[in-house]
Structure formats: C-alpha cells, structure tokens
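The lines below spell out each chain.
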Amino acid sequence: MPFAQALIHRQAGGPIAGRGLGNLKSKWLERISATVLVAVLCGCGGSRVTLKNPSIPKPLIAQLPMSVAARYPAEFDNFVHEEQVIGKEKWTIDLGSSNRLLFTQLFGAMFTEFMVIEEGTDARDLPIDALIEPSIDAFEFSVPNQSQTDEFAVWIRYRIKIFDSDGVQVANWPIAAYGKSQSSTFGGDAALRKAAILAMRDAAALIIMQMDKSTGISKLRSTNTRSNLAPSTAMPDSESIQTTAAEEIPDGPGQ
Amino acid sequence: MVPDNNPKQGYKMQLRAVVALLAGASLSACVTSRLEHIKEAKTGILEGESIVIMAKSYHLGNETEEKFIECVGNTIARGRGGLRVIPNQEFVDALFPWFEPRTAPADTKGLPALMSRPGVAEVIKEKGVRYLIWLDGDTDKTAGGGSMSCAIGPGGGGCFGFAWWQNESAYEATVWDLDGLADAGTVSAEVSGTSFLPAIIIPVPLIARTRSKACKGLAEQLKLFIVADEEI
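Residue numbers (my numbering), protein chains in the order written: chain G, 56 to 310; chain V, 192 to 423.
Isolated chain G, as found in the complex (with noise of 0.2 Å):
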C-alpha cells in the first residue's frame, strides 16, 4: 500500500470515523486529502513536454537551383532536454525527431533538389553541390518560476557546417532561435510546447533570411547545376565562401 494511502486510512479508521456526521467529514477529509496529496507528489514528479512532428508552414520562398543533401546527427532522431529548477520541479522535453523533421521540410522548400543521407554514407560520390550538416550546440529554456513572469522561453543553438561536393568544409555557421510564449493562455505544458515550436520556426525564418549570406552556400552550384536549371531569385550571393558568421545575439530570459 502507498505511503499516502496507508495514512489516509489509518486517518479514516481513527476515533471519528463511525458516528453519523462525523463519519461524513471523515469521508470528505480522506477524498480532499487524498487530492492534496496526489497532487503535491504528481507535482514533485516534475512535467515532460513532447513535441509530436511540429511542422512548419511550406515558406514563400523561390528555391535555389541546387543539388543538396542534408546528414543529420543522431541527436535529431531522440533530443531530450531536461532541466531541474533549483528548489522547484523537473522539467523535460521531448523533441523527437522534430529537429529532423524541421530541417528536412526547410531544405526541401529552399533547394530545387535535396536529399537526406544517412551517417556513414561518403557524400564525395553522390551528385551533389553541398552537404549540410545541422546539429544541436544548446538547448535551454525557462519557466515562470526562473524568470518571475508568466513565461515560457526556449533558446535553441544549432550550428550548420557545409561542404563542398569535395568534401572541404566551407562554412560553420552557429545560430541562435528563441521563442516564448504565456503560460495563461496554454498552460505550462502546451505553453513549453508553443515556446519550443516558436523558437524551431524562428531558427527556420534565420536560415531563410540569411544561409546564403552567412555561408555563400549558392556559390557551391556546379556548372551542370547551373546550366539545367533556372536562375535563382531567393537569396542574394555573398562575397566570400568559407565563413565562421558571427552569432546573433539571443534574446535573453524574460525579455
């Protein structure tokens, strides 16, 4: 028997238990006992969030005419995060594969021709312009409680290194995505949720804005590439290709 309902029974066998209107408060003690309890321990068990294949909207964008190929880590198949706030509750979340998921819609809508390989595989041999390779530096976020307002916020690091159909790194680019969002309106569950979704959707609204620009990604186009298909009209060419583009600044808690 659980420790709380061994005490809730010896409560209810007690001197009171038995005698009409007593009986009665007994009983109504043992049911808001017992939900008190439930509670407080359901609340030291701590909360897990899932993310269950987030998609993002399909971008208006026009694609680049290249061929490319993404190799993700094995991080972005099973990503959980967990964080003890101090003197309060665990909080874990549970990505999936949403980073996966994310990334392959993302490149699929800026590239006329992508493809995912998996680990292992010698991108040197495939007919490609470039290779991608995100993964995950930080994950952190907040909860009302850390940052003494009605918030929820997530901070995502992701670095993406490219390289040529050679195989020769030509760019590592670390960004930072944010999203936050009120816990009075979803609830802290769907509130982490919403936060984690926004800062996935703001990571893909970054690589949007600016991948060519920080990486010179569109300078790796083949001359076959070039020849078959249409000219690009999506991003803008940079001057150099190797790059290490400084971080953004994040927004930080609270804010």
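Treat the hints with care, as some may be off.
Here are some of the chain G residues that sit facing chain V, going by a computed Cβ distance under 10 Å [unchecked claim]: (1) K113; (2) A232; (3) M264.
Below, in silico cross-link-like pairs of lysine-lysine (DSS-like), each with a Cα-Cα straight-line distance of 25 Å or less [unchecked claim]: (4) V/K233 x V/K332; (5) V/K407 x V/K233; (6) G/K274 x G/K216; (7) G/K143 x G/K113; (8) V/K316 x V/K247; (9) V/K247 x G/K113; (10) V/K247 x V/K407; (11) G/K113 x V/K316; (12) G/K216 x G/K113; (13) V/K300 x G/K268; (14) V/K332 x V/K404; (15) V/K318 x G/K113.
So, partial list: chain V residues that the calculated Cβ filter (under 8 Å) puts toward chain G [stated by the list, open to error]: (16) E256; (17) F287; (18) W289; (19) E291; (20) P292; (21) R293; (22) G310; (23) V314.
Everything labelled a hint here was simulated from the structure, so no lab data went into it. Note that beta-carbon positions come from the ideal geometry of N, C-alpha and C, so glycine has one too.
Since chain G is already given, all that's left is putting chain V on it; use the hints.
For chain V alone, coordinates are given in the frame of chain G:
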C-alpha cells in the same frame, strides 16, 4: 394559495441572492479609461476586404497577451458593422517566414520590399487583407496592499482581511493600410482601476476589469477608425 414555507426553498433563494450580490459586486469596481486616435490617412473598407490583428514582435520587447489579441479580434468581428477578421496564425502561416517575430516588418518602410517577395502580394490579395493592425502594450499591476488570511479546519473555513491592487492596461494599435502601403494611424487605450477584496468569512471580490475594458474600448474605436471616412 398556501405560501411555500419549505426551508430548502428559502435557503436556495438566499443562496441565489448572495450569488447575485457577489456577481454584481464583482463587476462594480470603478475603472477610468482614456481612448485616443490619430488618423494619418483616409480609411474605409470595402465588402470582401478583411483585417488581421497581430502582436508586435517580442523581439522588440512587446508583451501583449494572446488573450487580448483574441479579445480585440472577436470584438471587432462581432455585432452590427462587424469587420471580417482573419485569424493571425492563419495569416502568419500563409506568409511564412515573413511575419515571424524575427522577420516581421517593423514599420511601413519595409512593406514595399516585403510585397515584392515571391508570392507575398498574391497571398495578401487572395485573403483580401486591407488593414494590418499591430498591437503593443500590456496590463500591469502597478500597486497593491492590505492583507488577508484564510484558514480551513474540520468545522469549516473562512477568510478575514482586506486586500487591494491597482491594474493599469495600456495598449496601442497601429493600423497599416496594405492598399497604399502606408501608416493609417494609431488608436490607443489606457484603462486603470483598483480592485478590492474585503473578506469577513467569505471574500467579496470587487474586480476592476481593466484589460477587458481596454479590449472593448480599443476594438470599438478601431472599428470606427477603419470604417469612418472622416476628414484628416
């Protein structure tokens, strides 16, 4: 006819009276409000044209509550002369990624460049969006005091004390005319009120609903602002 002296009925009547009193009292706290508008261009809306209500980006420090945006949208769409309001998430998704918190234009100077992007003007035309309304502001507790203590035991429970707090709701709506790609003007609402919570066994809340008052005032004023073809 024999009068009904059933004690249960009498108790129910008393309970209803208390509930009605509490409900009435909870609406009775006073608020003061100020609504203003500045018109910079002629407005007007045709049949089939719609509006979208958005919150200014949180990247700019804005903290307008989702509930407030929803309330303004519902109030504008409701009643006589209600306008067609496109849900903002539908609009943002249809124009992804150009109205995300990071990428949304901060002023009307960015509109021509935005409209020239592939597909943007077409989506806006297809949805019939004529006005884009950007909401800024929030509701804050500006002061408060008093004390109250509540206790519960096997014999019952109750509260004793007095608490009060002051809320201030300050919102501004900036209206962009997507037809002329220009700023049509602003409408602002400032509402303040003090809520009281006296308690002798039962707490009796006298709530000043500043946010809902600001929502209603701002929405009605926005409706007039858009529809009325007044001289500037």
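So which of the earlier hints does this model not fit?
-> Hint check: 4, 7 fail, others pass.
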